[in-house]
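Assemble the complex: chain A is given as a structure, and chain U must be docked to it using the hints.
So the chains spell out like this:
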Amino acid sequence: MSMSSDTPTSEVRSLYRSYVTGFVLAVILTAIPFWLVMDKIAPPQTLLPAILLIAAVQMLVHLKYFFHLTGVDRQWNLGALLLTGIIITIVFGGTFWVMLELRTNMMPWMDSGTHQAASSAMITGINMEPPGMSSAVRRAVSSTAQMQ
Amino acid sequence: MLQKVTTVGPVPGDEHEHDPGATTVLGFWFYLMTDCILFASVFASYVVLSSSTAGGPASHQLFDLPYLAVETACLLVSSFTYGLASIAMRQNRKDVVLTWLAVTFLLGLAFIGMEINEFYGMVSEGAGPDRSAFLSGFFTLVGTHGVHVTIGLGWMALMMIQVLQNGLEGANHTRLMCLGMFWHFLDIIWIGVFTIVYLSGAM
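Protein chains in written order, with the numbering used here: chain A, 1 to 148; chain U, 1 to 203.
A portion of the hints provided could be inaccurate.
Said to hold, decoys possible - To give an idea of the chain A side of the interface with chain U (calculated C-beta under 10 Å), a few residues: (1) Pro-33; (2) Pro-44; (3) Leu-52; (4) Ile-54; (5) Leu-63; (6) Tyr-65; (7) Leu-69; (8) Leu-83; (9) Thr-89; (10) Phe-92; (11) Glu-101.
To be verified - Interface residues of chain A toward chain U, partial, derived using beta-carbon atoms under 10 Å: (12) Ala-31; (13) Met-38; (14) Lys-40; (15) Ala-56; (16) Phe-67; (17) Asp-73; (18) Gly-85; (19) Val-91; (20) Asn-105; (21) Met-106.
By construction, these hints were calculated from the structure, which means they are not laboratory data.
Even for Gly, the Cβ is constructed at its ideal location relative to N, Cα and C.
Same shape as in the complex, but just chain A (with noise of 0.2 Å):
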């Protein structure tokens, strides 16, 4: 973080290095997951783990060889990092979970998309809420089916 112009000619050697590392890394992580998919290497299930995974890793090797957190500061930058990761997993998880538990607990047919299933649910729906629930339940069936 130096300001003079008289930068020592090995720093900017392992600077140069850091970039060109981190971007041959970078094409290739890139070429991997469109690879993947476009050739349609494997089964989704598979590949959707695989090209997440993969792009946590790019996101790492640009962080490390792109940002060059150093100097007195890089305690707060990983400070800030951490906040931001846990908060990110919070938002991302949090609404996950909440959203799945949403759709098994009270949309099943949007997955099977069957009556059948719609009115199973309504059963249940109408066995578990208090009496006044089941016009509710009814209004949000038929708004979905007119929005499917």
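For chain U alone, kept in the frame of chain A given last:
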């Protein structure tokens, strides 16, 4: 305690003798972290809505992966060329910095041009943001990233003028470091976009 407060000038042996530039860079890093949280929220809403196509076109009918590969390459190479500009800045080579900034700018412009072209094609085919929840989520997420890139391009154009007039020292040094972090950050977000939106959607 009181004695310490009234001390004037740097304390001998103090590890935290910050120059104002380093504090600005740290503050900019904190901004980027909040921007990360913004993107995480938009990503989460996109994933939840991505199957709600309301009878409209689904992701695998819309996405053109070879086109996306060229777009991705533009942004990735631009991140690298900004790195080369950063190195030239360390060496105080003004002309080299300006050259790499111009290359980075053109690559960023190519990326955003391709994205606008893609959006235009989708809207004219009737697959605009008003078609379904999935497309609303898509345009919000990819559009938010595109707006960031556009702002980055404006900032880069201003920095080229600044460097031309005032050189690489002082405030311009700090500004170029912040812009570099911003630009590399947008490339990291794009990894998430092409993986979660395009590649997952095309499977």
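Hint check results:
no. : hint    : result
1   : Pro-33  : 6 Å, holds
2   : Pro-44  : 4 Å, holds
3   : Leu-52  : 7 Å, holds
4   : Ile-54  : 8 Å, holds
5   : Leu-63  : 7 Å, holds
6   : Tyr-65  : 9 Å, holds
7   : Leu-69  : 8 Å, holds
8   : Leu-83  : 7 Å, holds
9   : Thr-89  : 9 Å, holds
10  : Phe-92  : 5 Å, holds
11  : Glu-101 : 12 Å, violated
12  : Ala-31  : 9 Å, holds
13  : Met-38  : 5 Å, holds
14  : Lys-40  : 8 Å, holds
15  : Ala-56  : 9 Å, holds
16  : Phe-67  : 6 Å, holds
17  : Asp-73  : 5 Å, holds
18  : Gly-85  : 9 Å, holds
19  : Val-91  : 5 Å, holds
20  : Asn-105 : 15 Å, violated
21  : Met-106 : 14 Å, violated
Comparing the model with each numbered hint stated earlier shows that hints 11, 20, 21 do not hold.
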